[in-house]
Structures are given as structure tokens and as C-alpha cells.
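Top to bottom, those sequences are chains R and S. First residue of the first sequence: 1, per the working numbering; consecutive thereafter. First residue of the second sequence: 1, per the working numbering; consecutive thereafter.
Errors might be hidden in some of the hints.
[Stated by the list, open to error] Straight-line Cα separation of at most 35 Å, DSBU-like style, residue types lysine-lysine; simulated pairs:
1) S:LYS90 / S:LYS124
2) S:LYS124 / R:LYS120
3) S:LYS78 / S:LYS124
4) S:LYS78 / S:LYS90
5) S:LYS78 / R:LYS17
[Unchecked claim] Partner residues aside, some chain S positions facing chain R, computed with beta carbon under 10 Å:
6) GLY40
7) PRO48
8) LEU86
9) ASP103
Just so you know, the hints here were simulated from the structure itself, not pulled from any lab data. Think of the CB as a built atom: it goes at the ideal place given N, C-alpha and C, for glycine as much as any other residue.
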Amino acid sequence: MIKLETNSSAARRIDDKIIPMINIIFLLLMFFLIVGNISELVDEDVVPPRSTSNTLSTSAGTEWLLTRDGVVVLDGQAVGLSQLAARLEVAGPLPERIILRADGNANSGALMPLMELLRKHGVETISLVTINHDGDS
Amino acid sequence: MRLPTRLPRAVMRISLTPLIDIDFILLLFFILESNFLRFGELVFNIPPQDQPGESATAALELQVFADGQIWLDGQTLKPATLNAYLNDRKYDARTPVFIRAQDELPIQLLVNVVDVLQRHSLSKLQILPLRE
Chain R
1 MIKLETNSSA ARRIDDKIIP MINIIFLLLM FFLIVGNISE LVDEDVVPPR
51 STSNTLSTSA GTEWLLTRDG VVVLDGQAVG LSQLAARLEV AGPLPERIIL
101 RADGNANSGA LMPLMELLRK HGVETISLVT INHDGDS
Chain S
1 MRLPTRLPRA VMRISLTPLI DIDFILLLFF ILESNFLRFG ELVFNIPPQD
51 QPGESATAAL ELQVFADGQI WLDGQTLKPA TLNAYLNDRK YDARTPVFIR
101 AQDELPIQLL VNVVDVLQRH SLSKLQILPL RE
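Okay, chain R solo, but in the shape it has when bound (with noise of 0.2 Å):
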């Protein structure tokens, strides 16, 4: 007897084939949900420089860009540092942390003039932001 195949079966066929790809696709999805990190987008200006450490970043707040030309960027906005005095003298009191995060590449000098700012609104320590690696790379 001739058994005809209905259309059912042949899309359950052919969905079988399919469900192990679909099951690797969720694993791939699930190890970048898992393991990537979409929260901390890396700005291209301000690229922080690498570290040993292996120290986490546990710090929450408000971070200060310092970029690779040595611009202070505060809530988006660039400042010049006579600029970030006056706001600073404008603004509450700072919190005894701040969070800097600087390019790797901008020079000390510009890390200096900031410092003392910080000092003389009572700031009295500054968490560089950097980027872990194992040191062997």
C-alpha cells in the first residue's frame, strides 16, 4: 500500500533537523548574556589604561572622564577646569571618593591640576578606573 506522506509530518521532519541548531544558538545567546558585559561601554576617547591589579571595580557614583587631550567631561558636558572650580564651588559638597576614569594615553599633567581641585573641595581619594589583564598578554 502506498502511504502518502501528509504535510505535518514533513514540517516535523524537517523542525527536527532544525532543533539542535536552535538549541546551540540559545547556548551562544546565553554565554554572551552570561559573560558579556553590554553595560560599560568603552567611550574611544577616554580608553582606560590596563592594569595588573585584578583589583573589581566595587565603586558606584559619579564618574569624571579625564580624556586623551586632557578634557575633564562632567555629566557629559567637557569643562575646563576654571569652569569645574566654579561649578564645584556652585555645587554641594563633594563625597570623600571620586571615580576618575582617564584615558590611558592623556598625559600625569593633566591628572595633577585635577587632584589638587579634588584636595581643596575635600576629596581625599580618587579610584582610577582600569582595565584587568593577566599580565602575561
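Assemble chain S onto chain R, guided by the hints.
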């Protein structure tokens, strides 16, 4: 031979094709947007001006130049040789370290020096400008 006049009603099935499409789109998004960087932090102290610091004799003072060379205790060192230097001497973890950095020194080279110091548990760091 007798053929059925009507095929049995196909079982209702959910098509997997839209699911795969969405999977691919999500996968592509995460591949393009994800980075695998792990961020850390280095902590520097900024003591108030009227509090110059602990006894200067016990402190370790380094001068770091724009090319990454370090001047310490009359010797010119590189970060690798600084490691060897610190290996030979046992410093207390509470020893304050003053790093005098030249203005043109890239922050990356400064961090390299700090990494070496932290490997030796020296974490009471203070960065100061190098005035020649």
C-alpha cells in the same frame, strides 16, 4: 487501492522559523554590543594640604619620567627592575609611597609603576607633580 478522499486534519504546530529569526537577531545584537573587559580600580590618596604626611624618612619616594624611567634612591630603574629592587628590600605595607610624576608621563606608564608597587603590597600611594 483506495485513497482517502480527505487527508486527516493537520495537527496544529507552532512554526519554529520566527523563533529562529528572533534568536539570530538577539545573538547578533549581543555579539556586536558585548565586550569582555573587566574593570578594576586603583586607589590614590589625596591628603589635605595642611597634613603633609607621615614621617618622610620612612616613606618611599619615586620620580617617574615621561619615558617610563624611574628614579629611586639614586638609581634609574624600569618597572621590571623596580620589581627586582623591591624584591631585595622588604617594605612594610604601611609605608607611604610618594610618586612624583613628570607632566608628560602617560597615565598608562604611571599605572604600570603602581602595579609593581601594589604587587609588593604598597598601597598607600600619593601622586605628586615632579618639579624640576
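Hint check:
Distance check on the hinted pair: S:LYS90 and S:LYS124 sit about 15 Å apart at the alpha-carbon level, within 35 Å; holds. Straight-line distance between C-alpha atoms of S:LYS124 and R:LYS120 comes to about 20 Å, which keeps the hinted pair within the 35 Å bound. Proximity of S:LYS78 to S:LYS124 is assessed by CA-CA distance (about 21 Å); at most 35 Å being required, the pair is judged to hold. Among the hinted pairs, S:LYS78 with S:LYS90 is consistent with the structure: their alpha-carbon atoms are about 19 Å apart, no more than 35 Å.
Only pairs whose Cα atoms come within 35 Å are accepted, and S:LYS78 paired with R:LYS17 is rejected, the gap being roughly 60 Å. For S:GLY40, the interface hint holds, since its Cβ comes within 10 Å of a Cβ in chain R; the closest pair sits about 4 Å apart. Because the smallest distance between the Cβ of S:PRO48 and any Cβ of chain R comes to about 7 Å, under 10 Å, the interface hint for this residue holds. Of the supplied interface hints, the one on S:LEU86 is violated, with its beta-carbon coming no nearer than about 15 Å to a beta-carbon of chain R, more than 10 Å.
Against a cut-off of 10 Å between C-beta atoms, the interface hint on S:ASP103 holds, since the closest Cβ of chain R lies about 3 Å away.
Violated hints, listed in ascending order, are 5, 8; each of the other numbered hints is respected by the structure.
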